[in-house]
Every structure is written in C-alpha cells, then in structure tokens.
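Based on these hints, arrange chain B on the given structure of chain A.
So the sequences go chain by chain: A and B.
According to the working numbering, the first sequence holds residues 1 to 318 in order.
According to the working numbering, the second sequence holds residues 1 to 420 in order.
Rather than coming from a laboratory, the hints here were simulated on the basis of the structure.
What you were told as hints is all true, and nothing was included just to trick you.
Below, a list of computed lysine-lysine pairs in the BS3-like style, where the Cα atoms sit at most 27 Å apart: (1) Lys276/B / Lys244/B; (2) Lys276/B / Lys197/A; (3) Lys151/A / Lys250/A; (4) Lys276/B / Lys395/B; (5) Lys180/A / Lys193/B; (6) Lys158/B / Lys276/B; (7) Lys151/A / Lys34/A; (8) Lys180/A / Lys151/A; (9) Lys34/A / Lys68/A; (10) Lys197/A / Lys286/B; (11) Lys395/B / Lys121/A; (12) Lys276/B / Lys193/B; (13) Lys158/B / Lys244/B; (14) Lys197/A / Lys210/A; (15) Lys121/A / Lys312/B; (16) Lys197/A / Lys193/B; (17) Lys312/B / Lys193/B; (18) Lys126/B / Lys276/B.
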Amino acid sequence: MTFRHRHLLGIEPLHPTEITTLLDLADTYVDLNKSPHKRREVLSGLTQINMFFENSTRTQASFELAGKRLGADVMNMAMQASSIKKGETLIDTALTLNAMHPDLLVVRHPHSGAVNLLAEKVNCAVLNAGDGKHEHPTQALLDALTIRRAKGRLHRLTIAICGDIAHSRVARSNLILLGKMENRVRLVGPPTLMPSKIEEFGVEVYDDMKAGLEDADVVMMLRLQRERMDGGFIPSEREYYHRYGLDADKLRLAKDDAIVMHPGPMNRGVEIDGTIADDINRSVIQEQVEMGVAVRMAAMDLLARNLRAETEDEGVIV
Amino acid sequence: MTIRTFINARLIDPEAGTDAMGSLTIEDGAIIARDGRPAGEVIDCNGKCLAPGIIDIGVKIGEPGERHKEGFRTAGRAAAAGGVTTMVTRPDTTPAIDTPETLDFVKRRARERAPVRVHPMAALTKGREGREMVEMGFLMDAGAVAFTDCDHVIGDNKVFSRAMTYARSVGALIMAHPQDPSLTSGSAVTSGKFASLRGLPAVSPMAERLGLERDMALVEMTGVRYHADNLSTAAALPALERAKAAGLDVTAGVNIHHLTLNELDVGDYRTFFKLKPPLRSEDDRKAMVEAVASGLIDIVCSMHTPQDEESKRLPFEEAASGAVGLQTILPAAMRLIHDGSMDLPTLWRALSTNPAKRFGLPGGTLAEGRRADLVLFDPDAPFVLNRFTLESKSKNTPFDEARMQGNVLGTWVGGQRVFG
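If we strip away everything but chain A, and leave its shape as in the complex, we get (with noise of 0.2 Å):
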C-alpha cells in the first residue's frame, strides 16, 4: 500500500497504484458508513478545517461528515464572509490559520493554483476541494470508486464526459484519472465549452453527442452554469437542451447497462432529463454522494497517516 503525498492537491501527481490504494481503503469506508457504528477513531486529536472560498453545501457537508466520522476536530469557516472581505491576502490568512496548528485542512477556491499556494505556505496537509477551473480531485476519486463498484473495475472502460469542459474542474480531474487508469476517455459537448488543445490529453473529442455517447459505459453527465447560458457560449438554453441534454434517445446509443453520473447539483430539463436522472435502473447520482464520504474519509487518513510518519521521523511512506 502506498500513497507518497504530504497533500491532495490534485489527481496529476497522482500514481495509478496510489489512486488503487485509495479507492481500496474507500471501500472499506463504504461499508462502515453503512453499519449502524460510523465512527473510527483514526482522525482522533486531529483538527479539521474546511475554508471554502467558494460557495458549497454538498462538498463543504461530506467532507465534515468524513471527518465527524473519523473523530477529527472538524470546524468550518466560510471565507467568503470573513477577513478576505477586508483585504487580507490568500497567503496572510493561511499564516493565520497555521498558526492554529490545524492538521488537515481543506480548500476550495474560485481561483486556478489557489490551493497549491495555500499549500506552499502551511505546515498541515491540504485537500484540495475544488480550486478554479482546475482540478476538483475527491470528486474524481469519488466518480472512480462509483464507477469500480458499478462495473467491476476501472480499467477499459469508454467513459463520455458530456456538457460544459471548459469551465469544469470535475471534467479535468475525471479525464486525468481515468486516463491513467487506462481507459477510452471521450469528451462530448459544444466547442465553445471545449478548452484548447484537448485533445492532445489522450482523449477523443466529440461535438455530436450520439456519435459520443456510442456504446459507452459511463455516461458523466456536467453541470451547465446559469451564467453560461446567455448566448456568449450556447445559443440557449432549450437549444443546448436539445443537442447536449441526455434524454432517452440519445442515452440509447450508449450500451444497455451503462450508467448515467452526474456531479451535482443537477439542472434537470437543461443537461439531464429529470427521469433519467431518478431511474435506478441506470442513474448511481445517489451512489456518487455516498461514495463521496467514504472517499473523503479515506483520502483524510491516508494524509493523516503520512503526516504521524512524517512526526515520528520515519519518511513519508504508507
């Protein structure tokens, strides 16, 4: 078992074997959320901050859970109301918290490499929630596990990540994960919402989601901003509806036991269709919000584990 990381800053850095160990230890997590005693005590003594530069419910919520449920110290602090208000630096609050001696903490913020730097300045260990449009990589870890527990595995699989790339860190991570996972990684959607170069990733490219969504086992659906819809990239809403909403027809295409993801929060009638989205029979969205903790939980012990090594002077090994 090996996870080399002081933090989780992304899934770039990330080892194919480090990403198995991960999702392993997931696993495990999956089945202690489910029995009625949730709590490990393997966080204990630690404290757990989450800074959320950026609005969040759902991420800010399973990474608290995660923590309560390992018996870390878990405290949150929504930074968009507090000191960065004032004018405080992104480097001068991390100072500050630091010298709190907090041992996890976790970052979210609207800027790409925002929480590399955070993490340059701090002695703890930091998980990266979600920075710009760069990487977001629990969701990605959660997404993998999703998709390892739905299929049996998480290697040769066609995978269609569908709806606004560019602007997604979600769509970044997914497709560095599960390219290093050795798998067929199709990006489908307008290219207006398409970064440059992409495909020079390793992934295929498609404009027309039919011929996207073709035999796929994973469709990964992505969530389409209010902000994006008013005509700078997509004509409308009902347009973008109608060539990139997964919908009956099209989901079709795709091979019969495929299943359907979403990140969340969804916009149904806009990217998905709201029964689609609720058929048990295809959609795991729920499973993917209960992967999340337990990926979280394991993502935090891992880190925590690194840092006990690194205290007790005996490098920085797993």
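Coordinates of chain B only, in the frame set by chain A:
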C-alpha cells in the same frame, strides 16, 4: 582630458558586423581610435568582449507613483550592472507620463539619480485611456523620444488613426504592443494544452496577429513611423514581413523573456513567469529567435517591469504581470549565442545599434568619433542567479536560481566607468 585604451579586447562592432581582437581608445567620452597605439590609462580586457552598451527601450521605472517598486537610482544601478548604458523609459506610471511637466519631473529625477543615460517616452493618449491625444509637440520639445500607451491597446480606430496622423506631422515615433483587446481581456496565459491542464484563463496567440494586422493597416493609412513592440508569436510575423516589404516605416521588437522562456516555465503556477503578453509555446519562441537572427525583428529589450513581492504572492490569475530584466538581459541573451542561434554582432544589432537608430540616440557602434558607451563582458562565465543580489528594488525575475552564462565586467557611459 582623460584618455583610456582598452587593449587585448574582443571587439564586437554590430554596425560593422565584426567580431575581432583589437584595441579601442577613448577620449573625453568619445571613441577616438580603433587598433591605435595604447595611450593614457590602459585597461587590459584579457580577451573578453567589448561592445557598445545595451540600449534598452522597454524600461518601466516606478517614478512617479510606485517608487516602492523601483526608482531611478536602483534601476540605474541595475542597468549599469547589466551593461545597459541607455534606458528608454516607459510612460505606464501612476500617473501616466502624458504632460511636459511630468516628463520634466522624470528627466530631473533621472539626471539626479541614474548613473546611465535616460530617455523617456510619453503616453500617446491622456492617461493612456485611448481617448484624447497628448501634446505631442510640447512633449517632443521636452525630450520624449517616442509615444506609446504600452500595454493599453487603443481600441478606437478613429482615435488611434488621428493620433498617428498627427504624430506623422510632428515626426514622432509611435510604439504599440499589438494585441486584440477583447480577445485578450481576462487572460493569464496562452491557450493550449498547458493552459487547459492548469485551468487558467487563456488567450489565443492569434490575438497578437489581429492587433498587428490592424495596426499595419492604420500605418499604411497614415504613414506614421511605427514600432511594434513586445511581439511574441509566429502567427504575427507574416503581417510584419508584408508591411516591411511594402515599404512602411515599421520596425518591431521582442522582449528577452519571450526569446528565452516558454509557457511551460510557468510550471506550478509560478507568478514570476506571469508576463504580458503571456509566455508562448516553444514553437513561437523559436520563431521569434529566428526573426531576430534574420533581422525581421529589429530590437530586443528587457521589458523591465518591477513588481513587489505582494503583487506576485497571489493566485496566478490575480498576480501582477511582468518581470525585471535590466540586469539579466545580457546573460539571458547569451543563451542565444551559446545555443548557436546567432552570432554576437547580430545579437548586438538588436540590443544596441537598431534601438539607437530607431529612437535617434547616440551609441550602438564602435565607430571613431562616436560616444564611448561601452560594456565589457565575459560571454562564458557561468553563475547561478540569486534574485536577492539584483540591484533593482524589486526582485521579480524569472531567472531566480537559473544557471546562466555571461558576466558584465565593466560598464562605461560617456567614457566614465559606472560599473565594475
């Protein structure tokens, strides 16, 4: 009457295109003889290179407005230590240098503080806002050598073309950083695989071509003398080539960072590599180096842009753009010599002769009778740069901890030793 003779020197004469051992005698600030009998004080160059001092046309000094980032004294010292004998300064200060009074202030501060020559440029429009032209005539009388709004692109073609027409009537040189302003807005890096991987807002390199094509059309329309500065992309070069072939009075420049670094240097969001325009692909870098070697690009400058630590210790998108370069332009440029991209006289034409000619300044040559603005340097001496040893008040260099070659041994301005 002071006479000095540099003996045993490898003389780099960009104007003559020669690189040969010899001696040089100077008297009272002027070059009086090549390969004559040693007279006066004898300086043994030990076979090192003696060349005309660098004329750097891209220098931002924080006076007025941002003296905590850079002043004339610190910039002047950095220039002297970097082999730069003339700084042509930018007007993108706070407030902008857009009146004869501000220009006078700058000239006085420069005279009192800087050990090297300083020639200021003025803004082309008031406040660099792209609406009303400045008093070009008065500003030229006060000593402005060119007019530019720097990185503020004048979006209104009517305003720009009128300013150009007026500039032509007074014989002024206009400089611009061609970019399409709407495509560029909000971007931090060049679009492509790297930008997509890092999730940073990006601009297509085509924005530069759009900007340059527009400017070339306006130059053709108005007949103004125009210098396209800070070019960085291969896609823009054909427009430049066409304009020159058509006989327009156009020159072009590139800054040293776009010749020696590429977009991948940003690495893990390193803000010292955040420049404007952003660093480009390796193919673009190579194209720019070739364009300097071929003479299509006339001038290489440092685009010296001091930024304090606070402006750079921010998330990449929020961090300020720019890098200091006065003291590193020479060793950085030596990379182009050591990798065989060009020879020293060719490089020095772009660093010294061409800017002198284009801006109507003395220097840029080792010819007899011309001013003794000189730099003595060892092109091979290796070192590892420590940014805190730089003379500049701001230490935002992308070459921190870089292995470099090329060491300035001495700098002379008008025959007076100002460094070494």
